[in-house]
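Trainee: Required output: the full structure, derived from the provided sequences and hints.
2 protein chains.
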Amino acid sequence: MIYLDNAATTIVDAEVNDVMITVMQHFYGNPSSSHSFGVEAKTLIEESASTIAKLCKCHQNEIIFTSGGTEAINLLFYNVAHVLKSKYVITSPLEHPAVLESIKQYGLAEKTHFVKLTKDVLPDMNHLEELLHEMPGAFVSLMHVHNESGSLLDIQMVGELCKQYEAVFFSDTVQSMGKSPIDFQAMNLDFAVCSAHKLHGPKGVGFLIKNRAIDFKPQLVGGGQSSGMRAGTENTAGIAGVCKALEIAHQTMSNTHEKLKQFKQYLAHEITTNIPTVQCVGDLQISIPQILTLALPFNDKTQSIHRELDALEFVVSAGSACHSLSDEKSMLNHVCIDNHIPLRISMSKFTTQKEIELFLGALLGLLKE
Amino acid sequence: MIYLDNAATTIVDAEVNDVMITVMQHFYGNPSSSHSFGVEAKTLIEESASTIAKLCKCHQNEIIFTSGGTEAINLLFYNVAHVLKSKYVITSPLEHPAVLESIKQYGLAEKTHFVKLTKDVLPDMNHLEELLHEMPGAFVSLMHVHNESGSLLDIQMVGELCKQYEAVFFSDTVQSMGKSPIDFQAMNLDFAVCSAHKLHGPKGVGFLIKNRAIDFKPQLVGGGQSSGMRAGTENTAGIAGVCKALEIAHQTMSNTHEKLKQFKQYLAHEITTNIPTVQCVGDLQISIPQILTLALPFNDKTQSIHRELDALEFVVSAGSACHSLSDEKSMLNHVCIDNHIPLRISMSKFTTQKEIELFLGALLGLLKE
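Chains as they are written, first to last, in numbering that gives the first Met the number 0: chain H, 0 to 368; chain L, 0 to 368.
Hints were generated in silico from the structure; no laboratory data involved.
It is possible that part of the hints are untrue.
Intra- or inter-copy, both count: the list cannot distinguish identical chains.
[Stated by the list, open to error] Below 25 Å or equal to it, Euclidean Cα-Cα: the simulated SDA-like pairs (lysine to any residue) are:
1. 367 - 46
2. 103 - 261
3. 110 - 17
4. 300 - 33
5. 84 - 360
6. 103 - 213
7. 53 - 118
8. 41 - 311
9. 300 - 35
10. 103 - 223
11. 115 - 160
12. 260 - 164
Mentor: Here it is, written out as structure tokens:
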């Protein structure tokens, strides 16, 4: 199997496995227990939050651990509706379903305005500024890296605009955490989010970063864990796992970036040179190197391409795994590439030159047959 | 360290660790992906649900995996408020904070009626029947095994009463799953719940069992995972882990029951014989053998007993870890054992005779000094 669907999920790093097993075997106390063994588990959570805070340039008490990105986003929108009581929401039609469905779930649909997109699958900055100008104090939700195209938002610029118009700024950083640096304070972020399984951490854990100046209340209630922000016995092994995964991602970020940039350029060049009817989605210069999405013209060969690649044990996707279950309009429709089939190739630090060559050979073979 | 706080949380079984590592390394695909590698992960979830369904005597599609017991209980009460729209809620004042706080969170406080308790920390069945009679179609929430005393509800009898009065019946089975058999159908249960970390599974995963005849909607929204009942990429390793933990618990249930019954009787007898002012909480015959809770008369020696035992590396607790963060009235107050300090000793299949002897020696030493 050649795994090129790392934007959907990633293999857990061996070091992360080890940390989790150590916690499950030796630090398994309940972090809410007042005895020493419980305090040890609680300390482990606090140390994980402290490490993550340093990596994301936020405060330790701004980290709320959750069961993943989706729960974190639900917690956020629950608060947008019930605590922030934002008058306006500004977002894009291509956000993750966790954002778009939360807008409906928490009664925000009527307050929501969609920013126009450029052909590079990015928000139109002029339109965003117009909206911000018309809607002071809006809650803005724009993803950092688009999960289907890899397009990279100029988060610094959006952060500055939000500051200027006194908007509250959330960026869905699920696809960028550990791949592109996040500076929570310098980027003027009020909220950011992490899902461990996107960066070689375990499934079932993640966190929300919340500006500590903003009031919040828990969505899931019970024992008052996580400083009252999220009830339920903390997933200590998962928390230690996401912390370790993020640490490793930061250590390897620049090397991985360079390697995958070359793979992406090479793939894009070879494919479009050999089959000129294939387009690359987005601007390759304004996207993360991990993701390359192709738009294949619809025809007899391309319509079965996903099945054929699957049979050859190349694991790629047509887009977001989460989108696969929803009936939202597709990304290609949104950026006016109609009658095309998307093919998303998403790489990780474990992707090798050999795998890229094998994939390229197979893809060209299938399309040229 | 001698660990006797298994009602708070348990060590993860080595076999469960192994299953989780295998999933994280070899079945890490996103269960929502349509390629074979994703389908494999989805199949693994379905097989886990099927195995659990056989053990709990329910249908496979009645299992909703969550991040643990607290999320499952929140999902349930969210639906009690928004979908079932129950006119009355009947519960006990000694339910877990996840239940008591959910009642407030989802606007059910005014509809809620509390059943009286017996001195054995169990609902008064006559009062329960009176309430059911007055409140047809009520939603009933009564825990199977009380987390602080170990008292065991006659769930079969409550199920029959609920059927007779057309009530919807939820039993918080977090403390009983894997310790006392659950027959979802025969017990007339509509909802039950599991938290993996209470039965040598990982923290951060659990499930709700929901009667399939009852309509439900998701609380956490997004990608439509878990048949639309719970958004968020499934924690496949955790799901395989809770399944394995429950399987092992069922295989070892009767041996563990016999062993711990003897330990409990021995401890209770030795302690109350040596220090007659100590009381056992609840009726030892109507409780699970895993939990023995003592009420120690308040005095100079007992007021520091938890600290002293902790210093000697005996891990026991004063009660529920979750309750430790809330300001609810204590269990001992509720069952009219005032001016006493609770000491909960909670054992597991890993508890040995040697550990019991050492603990007994230390406790008697401290109390008699």
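Trainee: Does each hint fit the structure? Answer for all of them.
Mentor: Here's how the hints hold up against the structure:
In the homo-oligomer, the alpha carbons of residue 367 and residue 46 never lie at most 25 Å apart, since the shortest distance is 54 Å inside one protomer and 40 Å across protomers. Taking the shortest alpha-carbon separations for residue 103 and residue 261, neither the intra-copy value of 41 Å nor the inter-copy value of 55 Å comes in at or below 25 Å. With identical chains, the CA atoms of residue 110 and residue 17 are never at most 25 Å apart, being 46 Å at best within one copy and 48 Å at best between copies. In the homo-oligomer, the alpha carbons of residue 300 and residue 33 lie at most 25 Å apart only across protomers (19 Å), although the nearest pairing inside one protomer, at 64 Å, exceeds that limit.
Taking the shortest alpha-carbon separations for residue 84 and residue 360, neither the intra-copy value of 53 Å nor the inter-copy value of 59 Å comes in at or below 25 Å. Proximity of residue 103 to residue 213 under the C-alpha cut-off of 25 Å is found in both arrangements, the shortest distances being 23 Å within a copy and 23 Å between copies. Taking CA atoms no more than 25 Å apart as the test, residue 53 paired with residue 118 passes in neither setting, with 35 Å inside one copy and 52 Å between copies. Taking the closest pair of Cα atoms, residue 41 and residue 311 come within 25 Å of each other only across two copies (20 Å); inside a single copy the shortest separation is 47 Å, beyond that limit.
Taking CA atoms no more than 25 Å apart as the test, residue 300 paired with residue 35 passes between copies only; the shortest distance there is 20 Å, against 64 Å inside one copy. In the homo-oligomer, the alpha carbons of residue 103 and residue 223 lie at most 25 Å apart only across protomers (14 Å), although the nearest pairing inside one protomer, at 27 Å, exceeds that limit. Taking CA atoms no more than 25 Å apart as the test, residue 115 paired with residue 160 passes inside one copy only; the shortest distance there is 16 Å, against 59 Å between copies. For a Cα distance limit of 25 Å, the shortest separation of residue 260 from residue 164 qualifies neither inside one copy, at 35 Å, nor across copies, at 67 Å.
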